[in-house]
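Colleague: So the sequences go chain by chain: A and B.
Per my numbering, residue 1 is the first one in the first sequence, and the count goes up by one each step.
Per my numbering, residue 1 is the first one in the second sequence, and the count goes up by one each step.
To be clear, the hints were calculated from the coordinates, so they are not data collected in a lab.
All figures in this text were calculated on a predicted structure; none of them were measured in a lab.
By construction, the Cβ of each residue, glycine as well, lies at the ideal position given by its N, Cα and C atoms.
Hints may be right or wrong, so weigh each one.
What the hints assert, rightly or not - Mimicking DSSO-like on lysine-lysine, the simulated pairs with C-alpha atoms at most 30 angstroms apart in a straight line are:
(1) A:Lys51 / B:Lys212
(2) B:Lys66 / A:Lys51
(3) B:Lys212 / A:Lys73
(4) A:Lys137 / B:Lys142
(5) B:Lys126 / A:Lys51
(6) A:Lys51 / B:Lys124
Stated by the list, open to error - Derived Cβ-Cβ restraints for the label pairs, each shown as a range:
(7) B:Gly135 / A:Pro32: 37 to 43 angstroms
(8) B:Lys100 / A:Met381: 30 to 36 angstroms
(9) B:Asp83 / A:Ile229: 33 to 39 angstroms
(10) A:Arg225 / B:Pro122: 30 to 36 angstroms
(11) B:Ala119 / A:Ile229: 48 to 54 angstroms
(12) B:Pro122 / A:Ser356: 34 to 40 angstroms
(13) B:Val174 / A:Val171: 44 to 50 angstroms
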Amino acid sequence: LKRCLTFAAAVLLAAAQVEASLAENLPATPIPGYRPAAASDEGGLWMLTEKQEHAIAVSPSRITDPQLNAYVKGVICKLSREQCQTLRLYIVDTPQFNAFAMPNGAIVVYSGLLLRLDNEAELAFVLGHEITHYTHKHTLARFERATRMSNVLAFFALVTMGLGVGGLAGVTGNALAANLLAYSRDQEREADATGFDLAVAAGYDPQQAGRTWRFVSDEHKANPRRIDIAAFLSTHPQDTERMASLDARAAQVAPSRTTWFANDADYRDAMHPFLARWLEGEINRGEPEESVVLLSRLVANQPASGVLRYYLGVAYRKRGGAGDLDAARTAYGQAIACADAPSAAWRDQGLLAMRSGDKSEARVDFEKYLSAAPAADDKAMIQYYLAQLSGN
Amino acid sequence: VRFGALAAALFLGACAHTDVKTAASTTIQWSGPSKRVLLMEPNVTLSELEAGGGLTPRADWTASAKGFIEADIRNALASRSIDLAATGTITDPHVAQLSKLHDAVGNAILLHLYMGGVAKLPTKGKALDWTLGPGANDLRAKYGADYALFTHVEDTYTSAGRWIVMLGAAALGVGVSGGRQVGFASLVDLRTGQIVWFNLLSNAAGDLRTEKPAQDTVTHLLEGIPL
Chain A
1 LKRCLTFAAA VLLAAAQVEA SLAENLPATP IPGYRPAAAS DEGGLWMLTE
51 KQEHAIAVSP SRITDPQLNA YVKGVICKLS REQCQTLRLY IVDTPQFNAF
101 AMPNGAIVVY SGLLLRLDNE AELAFVLGHE ITHYTHKHTL ARFERATRMS
151 NVLAFFALVT MGLGVGGLAG VTGNALAANL LAYSRDQERE ADATGFDLAV
201 AAGYDPQQAG RTWRFVSDEH KANPRRIDIA AFLSTHPQDT ERMASLDARA
251 AQVAPSRTTW FANDADYRDA MHPFLARWLE GEINRGEPEE SVVLLSRLVA
301 NQPASGVLRY YLGVAYRKRG GAGDLDAART AYGQAIACAD APSAAWRDQG
351 LLAMRSGDKS EARVDFEKYL SAAPAADDKA MIQYYLAQLS GN
Chain B
1 VRFGALAAAL FLGACAHTDV KTAASTTIQW SGPSKRVLLM EPNVTLSELE
51 AGGGLTPRAD WTASAKGFIE ADIRNALASR SIDLAATGTI TDPHVAQLSK
101 LHDAVGNAIL LHLYMGGVAK LPTKGKALDW TLGPGANDLR AKYGADYALF
151 THVEDTYTSA GRWIVMLGAA ALGVGVSGGR QVGFASLVDL RTGQIVWFNL
201 LSNAAGDLRT EKPAQDTVTH LLEGIPL
């Protein structure tokens with residue numbers, strides 16, 4: 001036993017030394033143009049991140065449209081002021097609702113996020129959140145914490161093994177993993193709070209901050225296949241918690257100014273050229289229950305948009321529940337009544353008409369489709385249908 | 001028994017191990033009198049292996065390793081009268097796509113050909129029979145090279161804390177692994193996209209941080225290259 005204890009003491013001493021050498025130094029906000037030393041933890045993290053950033057920069061999925069990039073970067077600059085030149089924006093064409101900040105100041109925004117927001121204020125709260133992850137060096141802090149914890153755990157495992165109670169290390173490991181997830185959720189809360197302050201300081205309407213989470217949550221609730229991760233296993237706080245805390249903050253600061261801005265029209269104009277392409281991606285995501293919720297909301301906001309109405313029809317058709325084909329047909333009809341109706345609305349309306357045996361309507365729709373889109377890829381297919389429909 | 005475990009932990013796999021595979025038709029052909037090979041930006045990461053098994057990437061080590069790898073490959077090919085072109089950091093999106101394609105194919109080779117077992121593809125056999133497709137020809141046109149050399153190395157180094165854990169565990173009769181160098185290199189015929197040579201390297205004693213051992217690593221990495 002004496003030998004065991006001596007050994008345990010030696011190991012603990014070594015662990016304490018390693019722990020001291022990695023003592024936590026609270027990260028400082030990087031000054032513009034900041035670059036960590038190559039030999040530091042942060043330098044290593046930046047190296048990996050730069051590889052990732054470079055891959056996104058040259059990816060064919062990146063949306064390089066200068067106007068859209070200038071618009072979103074403009075919002076970043078309103079919030080980050082002196083950091084504006086340091087931060088690099090990448091907009092990626094992918095239908096998921098997500099944005100993230102890399103530890104080296106690259107900010108990535110997915111088109112699926114831009115599609116879901118209604119105004120510039122909502123975008124500002126999301127970007128403020130991401131800017132905070134960068135300025136508060138959240139990734140580095142989490143990385144160092146994880147390393148430190150696993151180091152301590154390794155020494156602890158040695159000691160407990162030496163004492164013949166190795167099972168303790170497993171329990172401790174689970175506790176440390178849970179602690180790390182809780183830490184990650186705290187960082188998210190901090191990013192929400194600080195990001196909120198940044199956007200509010202720039203004059204963005206605080207009432208918009210919580211809306212985003214409500215809408216995302218509505219979509220998720222409609223999807224029977226989506227499994228929610230247990231709260232304590234999640235890296236992010238629950239949507240309901242984020243909504244509630246952002247709403248509470250909004251109620252506090254709202255009276256401090258008489259005019260806030262959300263810039264609805266600017267936002268819509270900036271996103272308008274991309275809607276059809278992004279909606280195509282949204283439909284292809286294969287979660288039609290969520291797409292129906294999303295598109296119903298977008299159509300309610302912009303009732304004159306034939307593009308939105310057409311894709312609402314597609315989402316109904318893909319969902320294919322009771323009454324959905326009728327709802328799809330109605331949506332196509334309403335899309336056709338709008339000035340910007342896509343030609344595919346005629347085709348899809350025709351296909352549904354053919355399916356219900358309304359041959360003459362199907363013929364009219366297909367002819368209108370072919371005259372609106374004479375070079376369509378599926379021209380031969382539609383002509384075949386037309387021939388069949390006239391056959392008897 | 002304890003001493004045995006300690007010895008095993010210290011010396012197990014201390015030597016370099018390479019596993020070379022070549023395609024059935026590996027006749028090297030040059031389109032002109034001057035021989036030129038394109039070196040794709042080496043995909044290299046050097047990290048420190050922490051006590052608890054975590055990896056801390058090291059930018060300083062990685063930067064010097066990349067420099068050594070390129071210089072040593074250049075020298076090795078120069079001794080065979082082959083001129084080396086290098087992509088450096090890839091900025092051309094099309095070249096980046098070909099590089100990603102090679103990552104995917106390289107991983108498939110590691111999984112299906114090297115690991116084998118349940119991952120073995122029944123119709124592929126034991127031959128190195130993989131290609132990037134004719135799209136690789138674009139690299140030939142762009143860089144004027146007949147072959148391209150791809151390298152990928154993940155190199156980890158045992159930290160002081162990890163040494164203590166290894167020794168402590170060995171004293172208790174448990175083996176805990178230290179840092180290790182694993183990587184692969186492949187040679188692609190840019191006329192056809194065919195991968196003509198592939199080498200898997202595994203080395204518990206390799207070191208890419210300093211000049212002389214880095215040279216040894218590159219020698220192992222290029223073992224059996226049919227140039």
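Colleague: Hint by hint, note whether the structure agrees.
Modeller: Against the structure, the hints:
Distance hint between lysine 51 of chain A and lysine 212 of chain B is fulfilled; the C-alpha atoms sit about 27 angstroms from each other, no more than 30 angstroms. As the CA atoms of lysine 66 of chain B and lysine 51 of chain A are separated by approximately 14 angstroms, the hinted pair is consistent with the 30 angstroms bound. For a cut-off of 30 angstroms, the pair hint linking lysine 212 of chain B to lysine 73 of chain A is broken: about 47 angstroms separates their Cα positions. Distance restraint check for lysine 137 of chain A and lysine 142 of chain B: the Cα-Cα separation of roughly 41 angstroms exceeds the 30 angstroms cut-off, and the hinted pair is therefore not satisfied.
With a CA separation close to 34 angstroms, the supplied pair lysine 126 of chain B and lysine 51 of chain A exceeds the 30 angstroms bound. Distance check on the hinted pair: lysine 51 of chain A and lysine 124 of chain B sit about 33 angstroms apart at the alpha-carbon level, beyond 30 angstroms; violated. Taking the beta carbon of each, glycine 135 of chain B and proline 32 of chain A are about 41 angstroms apart, inside 37 to 43 angstroms as hinted. For lysine 100 of chain B and methionine 381 of chain A, the Cβ-Cβ distance of about 34 angstroms falls inside the hinted range of 30 to 36 angstroms, so the restraint holds.
A hinted range of 33 to 39 angstroms is violated for the C-beta pair aspartate 83 of chain B and isoleucine 229 of chain A, which are about 55 angstroms apart. Between arginine 225 of chain A and proline 122 of chain B the Cβ separation comes to about 34 angstroms, which falls inside the hinted range of 30 to 36 angstroms. In this structure, alanine 119 of chain B and isoleucine 229 of chain A break the distance hint of 48 to 54 angstroms, their C-beta atoms being roughly 30 angstroms apart. Remark: the range hint 34 to 40 angstroms for proline 122 of chain B to serine 356 of chain A is contradicted by a beta-carbon distance near 48 angstroms.
Our hint of 44 to 50 angstroms for valine 174 of chain B and valine 171 of chain A is violated, since their Cβ atoms are close to 19 angstroms apart.
Violated hints, listed in ascending order, are 3, 4, 5, 6, 9, 11, 12 and 13; each of the other numbered hints is respected by the structure.
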